[in-house]
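Colleague: What follows is each chain in one-letter form.
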Amino acid sequence: MISPAGPAVRLERVTKRFGNRNAVSDLTLEVPRGVICGLLGPNGSGKTTTIRMIVGILRPDEGTVSLFGGDPSTTRRTKIGYLPEERGVYKKMRCLEFITFLAEIRGLPRPEGRRRGLAWLERLGLGDWADKKVEDLSKGMQQKVQFAGTVIHEPELLILDEPFSGLDPINQDVLEAIVLDLKASGTTILLSTHLMDQAERLCERVCLISRARKVLDGDLRQLKAAEWKGVVALEFVGSDRWVDGPEIAHAERVNGGLHLVLHDGADHQAILRRGVQAGAEILRFELVEPRLHEIFIRHAGGDGDDDGTGARA
Amino acid sequence: MTWRNVWAVIRREYIQRVRSKAFVISTVSVPLFMGAAFLLPMFFANRSEQRERRIAIVDETGVLQARLAPRLLSSGWTVSAAPAGGDQAALRGRVAAGEIGGFVVLDERTLATGEVTLYAEDDPSPFDRLTLRTAVARAAMEEGLERSGLDADAMLDGGELRIELLADAETSARNPDFWVAYIGGFILYMVILMYAVAVMRATLEEKTSRIVEVIVSSMKPWHLMLGKILGVGAVSLTQLSIWILTGMVLGTSGLPAMLAANPQMTDLAQIREGLPGLGFLALFLAFFLLGFFMYSGLYACVGAMCNTHEEAQQAQAPLVIFLVGPILLLIPVIQSPASTMATSLSLFPLFSPILMWARVAGGGAPAWQVALSLLLMTLSVVAIAWVAGRIYSVGILMTGKRPTLPELWRWVKEA
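Protein sequences appear in the order of chains Z and P. Going by this note's numbering, the residue at position 26 of the first sequence is 18; the numbering climbs one at a time, nothing skipped. Heads up, this note's numbering is the position in the second sequence plus 552, with the first residue counted as 1.
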């Protein structure tokens, strides 16, 4: 029934409406097995709705969703580990009990759930907290407990919705390392985030969505190669009045210089000529590999939002 | 496989609840309250040794003393006879010395009208006044009735109404028992409401904390609802069993012991005779469980539809009407349990737990009607589970405005 080569997740022309607003429009997406795939986009772009359809909580109004070749609402639930963005816990439960409960509803026997739960708590540095009530933990710690509950049954597909938000840098690193570990052991991971830099570090594949629509998806390295000539790194002395021109979609200060994101097919030499004419002292003019953020801006028309301050659409 | 996760939900719900402070407190406080209801009268009975209840009886009639003394004794008074026709100075002296609380003088007027005078140091309590007055009046009536050749005991007990049923031999032959019917109905109302609301709150909490999203990604919402209801149901049975057992221990051993110690409290013995037997208890639990399953399904729906406690308070109002309705109808139904209205109302499943109970306990329901109501309630449980499960599945993940009735209907169709 399940072809081993088939993708872990497959969405075909999926649309989901709330009232008369499209939360997701005509989205087609494939996540191959064993990769980390980033689902990227600003807040309110439809990431969470997409994920909810993948885990079978919501049903698409149009199109089909399949998990390992089957319908997500039926028997495949135990193969998924899902960490939602809005994190709920049973506050009055003890940490280990809570994790054991989550293991149990995914079909693991209690003793096994307990054993694994304890191991995960140790690994996350919460071994001493196993018998404390969840409500006694800090938000960040609760988040780690929840993460343990998400992976306790060794799911084949791990879906993490903004897993790093609210964690301090040290714990972000801990979690990142664990995610990479899980990937190495063969888990497929779908990671939703609006932090482009993090996605760039972790993901092999990305799917960019904006305003309910897919903007771009594919292998991250190939995407970057295709976007070559799209970004110019520029360093100069003196006034920057000459820099702006019709070629430039977006400019950003990076390491004391500027990163210019160009419109598709724009002539980068035109910028250089303008600089020479203006008599600017140009120290560096280089075509660089675009950052994910810059790719996104080129394709989503400047409404990329990688600091999380963007308004909800 | 499927049932393992339902079982996990039941187990979690049960353990978390039974371990909570609220459960321990409510479980202990009810028997404590019952115990106090028994012990406090004992405590006050012991204090009845006080002086006010030690009186002397001056019997000018020569016949009333023998009738009055045992009656007063059994109500906790201490009485002594004083010579008739003597001068009251000696008695007044004894009162002043604190030897007795006072004395009564019974004369021909007492015999004719029940009127009597108590000479006392202190004003007696209203309760003491009442017992004294009743005892004297009763003694005088007995004397009068027997003089005219009547059976005073039988007459004063209010006669007796014997009932011979000509048809409908199935009707339970038990004597109508107003209090078992009334109090039982009331208790059913309270426990069904209490535990159904517990299901609603738990549902609402899971929804607002968003934990439900994690759970529902691993199991069907309907299984979660089922586990929740069965878990709370198990908790309710535990709590009710503890209460019933304590009640039975108090009723069967505590009560006789207390009666032996305080013979004046013989009235309590009647309570014991009125206590329902095991068959009744089983029927009570059946009515409770079926009622709980029906209402908890509906309350789970309300919890799943709403986003805040305030909203849920409003949305549960229609359900409360179905629970309060039978309470308002309780007395009319107990009074005429065989009327067409009582019969049809008590067969309406949402009313059955309370009204059919009232008719059974009140002795006015044929066995086939009881069986029919149990069947109808069981069918309703299934129907409610089906509809409620669908509304629950959609609602539990829905945020935003509370759905309107047409929207609810769409959820039922679409889920």
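No lab work stands behind these hints: they were computed from the structure. Treat the hints with care, as some may be off.
Claimed, not checked - Ranges between beta-carbon positions, derived for each pair: (1) P:833 <-> Z:61: 54 to 60 Å; (2) Z:13 <-> P:863: 20 to 26 Å; (3) Z:13 <-> P:870: 29 to 35 Å; (4) Z:107 <-> P:896: 54 to 60 Å; (5) P:584 <-> Z:102: 33 to 39 Å; (6) P:869 <-> Z:24: 39 to 45 Å; (7) P:559 <-> Z:62: 20 to 26 Å.
We put the beta carbon where it would ideally sit given N, CA and C, even for glycine.
Colleague: Against each hint, give a clear statement of whether it holds in the structure.
Modeller: Evaluated hints:
1. The hinted window of 54 to 60 Å between residue 833 of chain P and residue 61 of chain Z holds, with their beta carbons roughly 55 Å apart.
2. For residue 13 of chain Z paired with residue 863 of chain P, a C-beta distance near 23 Å keeps the hint of 20 to 26 Å intact.
3. Remark: the range hint 29 to 35 Å for residue 13 of chain Z to residue 870 of chain P is upheld by a beta-carbon distance near 31 Å.
4. Residue 107 of chain Z and residue 896 of chain P have their C-beta atoms about 59 Å apart, which keeps the hinted 54 to 60 Å range intact.
5. In this structure the supplied range 33 to 39 Å holds for residue 584 of chain P paired with residue 102 of chain Z, their Cβ-Cβ distance being about 36 Å.
6. Hint check: residue 869 of chain P to residue 24 of chain Z, Cβ distance near 53 Å, so the stated range 39 to 45 Å is violated.
7. Take residue 559 of chain P and residue 62 of chain Z: their Cβ atoms lie about 25 Å apart, and the range 20 to 26 Å holds.
The structure is inconsistent with hint 6 alone, although it conforms to all the rest.
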